[in-house]
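J.: Based on the provided sequences and hints, a complete structural model is requested.
Numbering-wise (the working numbering), the sequence shown opens with residue 54 and increments by one.
For the record, the hints were derived by calculation from the structure and aren't laboratory data.
One or more of the hints may lead you astray.
To be verified - Derived lysine-lysine pairs resembling DSS-like cross-links, with alpha carbons at most 27 angstroms apart:
id : residue 1 : residue 2
1  : Lys136    : Lys66
2  : Lys122    : Lys58
3  : Lys136    : Lys69
Unchecked claim - Now the in silico label distances, taken between C-beta atoms and shown as ranges:
id : residue 1 : residue 2 : range
4  : Phe123    : Ile55     : 27 to 37 angstroms
5  : Arg72     : Glu124    : 18 to 28 angstroms
6  : Ala85     : Gly112    : 33 to 43 angstroms
7  : Cys70     : Glu124    : 30 to 40 angstroms
8  : Leu65     : Asn89     : 20 to 30 angstroms
Values in this document were obtained by computation on a predicted structure and should not be read as measured data.
Every residue gets a Cβ at the ideal spot worked out from N, C-alpha and C, and that includes glycine.
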Amino acid sequence: NIVLKDYTALALKVLKCFRPERFILTLMGNRASMQNLEKAAKGAHAKPGLAVGALCDRGFQAEDDILLKFEHYDLIFLQFCPKSTGKLTEQNSSTENEKAVPKASPQTSDR
Numbered sequence: 054n055i056v057l058k059d060y061t062a063l064a065l066k067v068l069k070c071f072r073p074e075r076f077i078l079t080l081m082g083n084r085a086s087m088q089n090l091e092k093a094a095k096g097a098h099a100k101p102g103l104a105v106g107a108l109c110d111r112g113f114q115a116e117d118d119i120l121l122k123f124e125h126y127d128l129i130f131l132q133f134c135p136k137s138t139g140k141l142t143e144q145n146s147s148t149e150n151e152k153a154v155p156k157a158s159p160q161t162s163d164r
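T.: Structural data, given as structure tokens:
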């Protein structure tokens, strides 16, 4: 357990070290400790003690963004995946072709 006011720098060091394709980040603390965390960034994805935008600037997007408030503690759950380019890659194209179901051809009978 490390007590910090902002966990962004720590998260960025871990990403730099391990270079994951996708990852899950959780912050959990009792209500008092979570209230002491500074608001690291402003914006739609800002979380107490974490600048989510800084992680998104590293090529990730938040796929899941959940804040749970329990009786005595809070939990922040963030799941990140690579940013989507919006382009269809060759791998995606072949996968979609494999999923395509061939149309049934009409059968004829001599009866």
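J.: Confirm or reject each hint.
T.: Against the structure, the hints come out as follows:
no.: 1; hint: Lys136 x Lys66; verdict: holds (19 angstroms)
no.: 2; hint: Lys122 x Lys58; verdict: holds (19 angstroms)
no.: 3; hint: Lys136 x Lys69; verdict: holds (17 angstroms)
no.: 4; hint: Phe123 x Ile55: 27 to 37 angstroms; verdict: violated (21 angstroms)
no.: 5; hint: Arg72 x Glu124: 18 to 28 angstroms; verdict: violated (38 angstroms)
no.: 6; hint: Ala85 x Gly112: 33 to 43 angstroms; verdict: holds (35 angstroms)
no.: 7; hint: Cys70 x Glu124: 30 to 40 angstroms; verdict: holds (35 angstroms)
no.: 8; hint: Leu65 x Asn89: 20 to 30 angstroms; verdict: holds (21 angstroms)
Hints 4, 5 from the earlier list are contradicted by this structure; the remaining hints agree with it.
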